[in-house]
Amino acid sequence: MIEQIVQQAPYFLLVAVRIFAMILTSPLLSTNTVNRAAKVALAGYTAFLVLPTVSFEGWNVEPYNITYLLLVIGEGLIGVISGFYLSLLFATFSSAGQFFTYQMGFGASEVYDTLNQVENPLMGQFLNLVAMFLFLNINGFQLLFTTGVIKSFECINCFTLLNAQEEFLSFLLAGLTKLFLNAIMIALPITGTLFLISVGTGLLSKAAPQMNLLSEGLPITILCAFGLLVVLLDPMSNYFVDTIETAFNQLVDLFLKVGRAI
1 MIEQIVQQAP
11 YFLLVAVRIF
21 AMILTSPLLS
31 TNTVNRAAKV
41 ALAGYTAFLV
51 LPTVSFEGWN
61 VEPYNITYLL
71 LVIGEGLIGV
81 ISGFYLSLLF
91 ATFSSAGQFF
101 TYQMGFGASE
111 VYDTLNQVEN
121 PLMGQFLNLV
131 AMFLFLNING
141 FQLLFTTGVI
151 KSFECINCFT
161 LLNAQEEFLS
171 FLLAGLTKLF
181 LNAIMIALPI
191 TGTLFLISVG
201 TGLLSKAAPQ
211 MNLLSEGLPI
221 TILCAFGLLV
231 VLLDPMSNYF
241 VDTIETAFNQ
251 LVDLFLKVGR
261 AI
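For the sequence shown, our numbering puts the final residue at 262, and the numbers step up evenly by one.
Incorrect hints may appear among the rest.
As a list, the in silico BS3-like pairs of lysine-lysine whose alpha-carbon atoms are at most 27 Å apart [unchecked claim]:
#1 LYS206 to LYS257
#2 LYS151 to LYS178
#3 LYS151 to LYS39
#4 LYS39 to LYS206
Simulated restraints on C-beta separations [unchecked claim]:
#5 LEU173 to LYS206: 24 to 30 Å
#6 VAL40 to ASN65: 22 to 28 Å
#7 LEU203 to LEU223: 24 to 30 Å
#8 TYR45 to LEU196: 49 to 55 Å
#9 ASN35 to GLU62: 54 to 60 Å
#10 PHE180 to TYR68: 35 to 41 Å
#11 ASN238 to THR177: 20 to 26 Å
#12 ALA41 to LEU218: 17 to 23 Å
#13 LEU233 to PHE141: 20 to 26 Å
Since the hints were derived computationally from the structure, they do not count as laboratory data. Since the model is a prediction, treat every value here as computed from it, not as a measurement. Here a beta-carbon is modelled for each residue, glycine too, at the ideal position from N, C-alpha and C.
Working from the sequences, and respecting the hints, build out all of it.
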């Protein structure tokens, strides 16, 4: 194994850089809880397995010069695009939780999100954990390495990235747009219901001030929100799984489209 890597060191480094960049930007694997040595080892072993299937015909790789450095940077950008696009999918569930966290009265309750290393509202973190378990349940890492690694090496390289930069930019911008759209679609039933509860509570408190419903509005809102979450968690999970599968298919279609066009 070591001898093969040494013999093809310039090509091995190009493959390993793309995989390592994808690992550093993809959910779960990019967290600080995963040891950096484990990430490097995973990238190196995956590169060793993928290297025999990669075609470097026409690359004219001359290592240890400025051209080779640009090739390394280009391969790293492809890995970043693959991992970042997957991160957008996880941000969908987290953003959905943030939308109705404030409506249900948990706006001041924030916890540390170990996936993104930021402070996240309580329900956003809860849905983030649900998304993580769903991703593992549908063998998401197999899809990630099959789509983000094998398919990408079959279809594109750093040269195609330069020639098709508009397609990649449009793809990422569309992913950001769909992030907010999917988050709103997930959170809309709960957010809309909580809004109606708030309006109803306000109208009743004006009609009958002696009832003092505003003091009871917070526990009522929290109970209704948790009840709706229990009822809607299954369809929300199915929607998230469909979103992941659709996103991987769109990523493969992009790779195939760019590969055929160049």
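Okay, the hints, checked on the actual structure:
no.: 1; hint: LYS206 to LYS257; in the structure: violated, 60 Å
no.: 2; hint: LYS151 to LYS178; in the structure: holds, 23 Å
no.: 3; hint: LYS151 to LYS39; in the structure: holds, 21 Å
no.: 4; hint: LYS39 to LYS206; in the structure: violated, 60 Å
no.: 5; hint: LEU173 to LYS206: 24 to 30 Å; in the structure: violated, 45 Å
no.: 6; hint: VAL40 to ASN65: 22 to 28 Å; in the structure: holds, 24 Å
no.: 7; hint: LEU203 to LEU223: 24 to 30 Å; in the structure: violated, 19 Å
no.: 8; hint: TYR45 to LEU196: 49 to 55 Å; in the structure: holds, 54 Å
no.: 9; hint: ASN35 to GLU62: 54 to 60 Å; in the structure: violated, 34 Å
no.: 10; hint: PHE180 to TYR68: 35 to 41 Å; in the structure: holds, 40 Å
no.: 11; hint: ASN238 to THR177: 20 to 26 Å; in the structure: holds, 22 Å
no.: 12; hint: ALA41 to LEU218: 17 to 23 Å; in the structure: violated, 50 Å
no.: 13; hint: LEU233 to PHE141: 20 to 26 Å; in the structure: holds, 23 Å
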